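Going line by line, the protein sequences match chains A and B.
Counting in the UniProt record's numbering, the first sequence runs from 1 upward without gaps.
Counting in the UniProt record's numbering, the second sequence runs from 1 upward without gaps.
Please keep in mind that the hints were generated in silico from the structure rather than gathered at the bench.
The structure displayed is predicted, hence computed values, not measured ones.
Every residue, glycine too, gets a C-beta built ideally from N, C-alpha and C.
There may be inaccurate statements among the hints.
[What the hints assert, rightly or not] To give a feel for the contact side, a few chain A residues facing chain B, derived at Cβ under 7 Å:
1. Asp29
2. Pro32
3. Cys193
4. Ala196
5. Ala200
6. Pro227
7. Ala228
8. Gly235
9. Thr281
10. Pro283
11. Val287
[What the hints assert, rightly or not] Within a straight-line C-alpha distance of at most 30 Å, the following computed DSSO-like cross-link-like pairs (lysine-lysine) qualify:
12. A:Lys16 to B:Lys134
13. B:Lys22 to A:Lys134
14. A:Lys129 to B:Lys129
15. A:Lys134 to A:Lys34
16. A:Lys331 to A:Lys163
17. B:Lys5 to B:Lys163
[Unchecked claim] Computed Cβ-Cβ distance ranges for the label pairs, DEER-style:
18. B:Gly62 to A:Ser255: 49 to 57 Å
19. A:Asp330 to B:Asp330: 39 to 47 Å
20. A:Lys286 to B:Asp14: 49 to 57 Å
21. A:Gln139 to B:Pro263: 21 to 29 Å
22. B:Gly186 to A:Asp213: 55 to 63 Å
23. B:Glu269 to A:Gln3: 39 to 47 Å
24. A:Arg131 to B:Gly92: 37 to 45 Å
25. B:Leu41 to A:Asp205: 34 to 42 Å
There are 2 protein chains.
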Amino acid sequence: MSQLKAPYLLFIGDAKDPLSIKMARSAADWSPEKCLGELRLDGCEVTTGCTAMSLDEAVSRGAKSLVLGFANSGGYIDSAWLPILQQALASGLDIISGLHDRLNDLPELVAAAQSNGCTLHDIRHPSAKLRTGKGYHRQGKRLLTVGTDCSVGKMYTSLALTKELQDRHIKASFRATGQSGILVAGDGIAVDCVVADFIAGAIEDLAPANDADHWDIIEGQGSLFHPAFAGVSLGLLHGAQADALVVCHALGRSSMRAIDDRPLPSLVETIAVNEQLARTTNPQAKVIAIAVNTSAVDEAAAMAYCREVETQLGMPCVDPIRHGVSRIADKLNG
Amino acid sequence: MSQLKAPYLLFIGDAKDPLSIKMARSAADWSPEKCLGELRLDGCEVTTGCTAMSLDEAVSRGAKSLVLGFANSGGYIDSAWLPILQQALASGLDIISGLHDRLNDLPELVAAAQSNGCTLHDIRHPSAKLRTGKGYHRQGKRLLTVGTDCSVGKMYTSLALTKELQDRHIKASFRATGQSGILVAGDGIAVDCVVADFIAGAIEDLAPANDADHWDIIEGQGSLFHPAFAGVSLGLLHGAQADALVVCHALGRSSMRAIDDRPLPSLVETIAVNEQLARTTNPQAKVIAIAVNTSAVDEAAAMAYCREVETQLGMPCVDPIRHGVSRIADKLNG
Chain A
1 MSQLKAPYLL FIGDAKDPLS IKMARSAADW SPEKCLGELR LDGCEVTTGC TAMSLDEAVS
61 RGAKSLVLGF ANSGGYIDSA WLPILQQALA SGLDIISGLH DRLNDLPELV AAAQSNGCTL
121 HDIRHPSAKL RTGKGYHRQG KRLLTVGTDC SVGKMYTSLA LTKELQDRHI KASFRATGQS
181 GILVAGDGIA VDCVVADFIA GAIEDLAPAN DADHWDIIEG QGSLFHPAFA GVSLGLLHGA
241 QADALVVCHA LGRSSMRAID DRPLPSLVET IAVNEQLART TNPQAKVIAI AVNTSAVDEA
301 AAMAYCREVE TQLGMPCVDP IRHGVSRIAD KLNG
Chain B
1 MSQLKAPYLL FIGDAKDPLS IKMARSAADW SPEKCLGELR LDGCEVTTGC TAMSLDEAVS
61 RGAKSLVLGF ANSGGYIDSA WLPILQQALA SGLDIISGLH DRLNDLPELV AAAQSNGCTL
121 HDIRHPSAKL RTGKGYHRQG KRLLTVGTDC SVGKMYTSLA LTKELQDRHI KASFRATGQS
181 GILVAGDGIA VDCVVADFIA GAIEDLAPAN DADHWDIIEG QGSLFHPAFA GVSLGLLHGA
241 QADALVVCHA LGRSSMRAID DRPLPSLVET IAVNEQLART TNPQAKVIAI AVNTSAVDEA
301 AAMAYCREVE TQLGMPCVDP IRHGVSRIAD KLNG
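Construct all of the structure, not just a fragment, from the sequences and the given hints.
Written as structure tokens, this is what we have:
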């Protein structure tokens with residue numbers, strides 16, 4: 001896709017649920033230097049933590065893009081937003097959306113963007129020409145986060161690891177595979193939206209050959225055990241050709257996301273199946289650590305759980321938010 | 001998709017390679033009752049076996065659809081065909097294409113179709129509203145063909161098995177997942193063309209709950225071991241929720257299709273991994289037979305190979321073309 005232009009004005013409308021503004025919060029948390037402020041409507045009950053400002057104020061301070069900060073159910077573009085989008089285009093801003101509905105399917109927006117020299121970015125929809133995968137060995141080191149389920153912290157863990165490596169002056173790039181990650185990184189590919197034939201090929205292009213001592217930290221999606229999304233996860237695993245895998249998990253979840261009565265797989269099974277299938281394209285692929293979202297329990301219980309897992313599996317187990325990821329990064333240092 | 005209207009006139013242009021007219025040949029082989037004839041251009045060196053006839057002759061005999069019988073590399077619509085397509089529409093025929101390029105993206109064809117009350121069918125592109133999979137148990141019996149590689153006879157085996165079961169008065173439906181299969185069946189979904197998030201969900205919709213004694217025979221795609229297409233294969237495996245799996249294989253292939261230096265997996269490994277992963281959505285999933293394309297060797301060698309596999313694996317092993325599939329169907333009879 002064409003490069004996203006910062007600084008961003010994060011549009012969060014009249015959102016009431018913090019989860020509904022994941023796009024905006026990801027950018028604010030991980031690319032604060034790209035985020036000028038947030039644009040709120042009456043009734044909004046959440047915040048990204050950025051300064052609230054009007055559209056005009058943001059433009060006068062140098063904003064380059066208006067970001068639709070939402071991930072609403074259904075992924076639709078609310079018609080109530082259209083006047084604001086028109087105003088943004090009239091002010092010369094690009095618009096960035098991670099919704100399923102496309103900005104580029106709305107003729108009035110397309111016309112306004114053209115006449116103002118602005119770009120409409122539908123970052124969930126791949127714009128690059130895609131190809132099928134090959135699985136040929138490529139230079140460089142790659143790490144992929146995989147999961148026992150969806151929404152278990154794969155993006156967070158990947159971003160935290162990239163930052164930790166960069167802080168250590170190890171060459172590392174975050175490779176985004178979902179809309180929130182793309183907004184943070186400025187580019188990437190929403191792998192769940194590519195045509196099924198191209199899943200692995202898209203990831204081969206996203207994380208191409210690189211310096212021998214460079215790490216691509218690839219954001220995983222879904223789970224090999226999820227009955228809806230395992231195809232995406234397997235294509236991603238094959239395309240990533242990862243040397244290192246980190247298994248992400250959420251403590252205390254009783255069923256897989258959006259599915260009734262489906263317990264999560266064990267960590268042991270998750271490790272075994274991911275390593276087994278990853279070796280189709282990288283015979284050296286190995287799970288090196290576990291990253292757990294322990295927010296369901298208190299600090300002491302979280303630490304006890306992680307220690308138990310470490311003893312059982314013989315590899316680091318941390319909550320990236322509570323404990324940081326330095327012990328995972330240590331495994332990549334050698 | 002809307003129902004395809006037979007009888008078909010199979011357009012094979014000036015094709016010279018029998019493999020390049022797979023769409024047309026599949027229809028002629030498996031739905032001869034739907035195929036009125038073939039339309040050839042000067043220089044054509046292949047045939048479907050159907051009677052050659054002109055467009056006007058086909059129309060006067062009752063043809064309802066012109067089928068683009070090709071699967072050219074790149075999947076493009078050759079501009080040399082456009083006058084024929086226009087003539088077909090002017091004569092009231094629908095047009096059916098399995099190419100990657102869409103008939104519906106050509107404004108002059110769309111206009112001609114509208115003014116003549118005809119339909120342009122891009123059968124490789126899903127028209128149904130798709131959803132994500134759930135993996136919930138559904139009634140009815142299902143068989144899925146899986147493979148050591150792409151292009152190893154999964155469609156042929158599935159069609160042959162469906163016919164064999166129907167000949168035995170067992171309730172059975174062929175479920176098409178590729179463009180050639182769709183043309184034969186009259187409907188289906190090209191699973192390699194759906195958005196990655198929807199692979200499993202598309203197959204749940206393609207093969208929905210049915211009578212307890214009804215078999216859906218689902219055409220497989222790709223291979224769990226193919227570095228380009230395994231994501232499609234796994235989503236299909238999960239969505240199919242198959243009770244019975246048939247492993248398809250091609251004898252004498254030195255590397256996986258379109259990939260250098262990648263030997264095919266063994267039958268033992270193919271069985272083990274398919275059963276393991278299929279059990280995510282059907283704990284009873286079991287490989288019941290092997291179907292081998294033995295065309296690379298002579299009759300005696302083919303028989304010797306199949307006998308050896310049977311001894312090793314303890315299940316029927318047949319070449320569906322040379323030996324038929326009755327011994328596979330026997331396994332579904334009980």
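*Of all the hints given earlier, name the ones this structure violates by number, lowest first.*
Result: hints 1, 2, 10, 11, 15, 19 break, sorted rising.
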